[in-house]
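S.K.: Sequence:
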Amino acid sequence: ERNIFPSTCYNRTFKILNSPPLYPHVLVAVGSTNPVKINAVRKAFETFFNRDVKVVGFNVDSGVPNQPIGRQTMIGALKRALESRKLASSDYGVGIEGGISLLWGRWYAFGFVAIINRYGKVSTGTTGWFQLPEKVLKKVLSGDELGVVMDKISGTVGSKYKLGAIGYLTNAVVSRQELYQHGVYMALAGMKEV
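Per the numbering used here, the very first residue in the sequence shown carries number 1; after that it's consecutive.
To be clear, the hints were calculated from the coordinates, so they are not data collected in a lab. Among these hints, one or two may not hold up.
When the alpha-carbon atoms are kept at most 20 Å apart in a straight line, the in silico PhoX-like pairs for lysine-lysine are as follows [as the list claims (entries may be wrong)]:
| no. | residue 1 | residue 2 |
| --- | --- | --- |
| 1 | Lys43 | Lys160 |
| 2 | Lys152 | Lys162 |
| 3 | Lys79 | Lys135 |
| 4 | Lys43 | Lys192 |
| 5 | Lys160 | Lys135 |
| 6 | Lys54 | Lys86 |
| 7 | Lys160 | Lys139 |
| 8 | Lys43 | Lys135 |
| 9 | Lys152 | Lys139 |
| 10 | Lys86 | Lys121 |
| 11 | Lys160 | Lys138 |
| 12 | Lys138 | Lys152 |
| 13 | Lys152 | Lys135 |
| 14 | Lys121 | Lys139 |
| 15 | Lys192 | Lys121 |
All chains should be modelled from the sequences, with the hints used to inform the complete structure.
M.R.: Written out as structure tokens, the structure reads:
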């Protein structure tokens, strides 16, 4: 069989397809300095884009209470994404906000994730939702932050920087990082060009 492409065309195409990307990495800014959130974003973006990702965290004001309820969770995530992207002039800004919400008469904890790209496109997603035990819920609804409540119940310090409430409540089957990583995937789905 005869090759219908001239060798120069083939060689040029081969070089383009096998050359390194124009940018050595994707720059992602996260609106938090919590290592659990930063690592969840890093792992999700590296898996999604199948390339190196540089992730930087920023301490930004979410504009919502320490324990967001309902819509406040979404607002906090969006504000974190916008502010972090502005600070870093990054390819993407990511905001993750953990909150609680009432759904069909039951209270659930979940994470809301917002992503904004350099062109202003916004996509959102959530983690899985899990029901809070009554003892935990009462304390959270009375004004305590979920992480503080879980520290007292579990006897640990800084649980939100480790396994989190989901880790304790699932006997470490699911960690907070894994929960947030799943939420980042859900938000990235809306970024895909189809």
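S.K.: So, for every hint listed, does it hold in this structure?
M.R.: Results for each hint:
1. Taking the CA atoms of Lys43 and Lys160, the gap is near 18 Å; set against the 20 Å cutoff, the hint holds.
2. With a CA separation close to 14 Å, the supplied pair Lys152 and Lys162 stays within the 20 Å bound.
3. Among the hinted pairs, Lys79 with Lys135 is inconsistent with the structure: their alpha-carbon atoms are about 31 Å apart, more than 20 Å.
4. Annotation: proposed proximity of Lys43 to Lys192 holds, straight-line Cα distance about 17 Å (limit 20 Å).
5. Distance hint between Lys160 and Lys135 is fulfilled; the C-alpha atoms sit about 18 Å from each other, no more than 20 Å.
6. Between Lys54 and Lys86, the direct Cα distance comes to roughly 16 Å. Compliance with the 20 Å bound is thereby established for this hinted pair.
7. Pair hint Lys160 plus Lys139 holds up; C-alpha atoms about 16 Å apart against a cutoff of 20 Å.
8. The hinted pair formed by Lys43 and Lys135 fails the criterion: a straight-line CA distance of about 33 Å is larger than 20 Å.
9. The straight-line distance between the Cα atoms of Lys152 and Lys139 is roughly 11 Å, inside the 20 Å bound, and the hint therefore holds.
10. Restraint check for Lys86 and Lys121: satisfied, since their Cα atoms lie roughly 14 Å apart, inside the 20 Å limit.
11. Distance hint between Lys160 and Lys138 is fulfilled; the C-alpha atoms sit about 19 Å from each other, no more than 20 Å.
12. A distance of roughly 14 Å separates the Cα atoms of Lys138 and Lys152; the hinted pair therefore holds under the 20 Å criterion.
13. For the given pair, Lys152 sits about 12 Å from Lys135 by alpha-carbon distance, which is consistent with the 20 Å threshold.
14. Of the pairs offered as hints, the one joining Lys121 and Lys139 is violated, with about 38 Å between alpha carbons and a cut-off of 20 Å exceeded.
15. Taking the CA atoms of Lys192 and Lys121, the gap is near 11 Å; set against the 20 Å cutoff, the hint holds.
When held up to the earlier numbered hints, the structure conflicts with 3, 8, 14 and fits the remainder.
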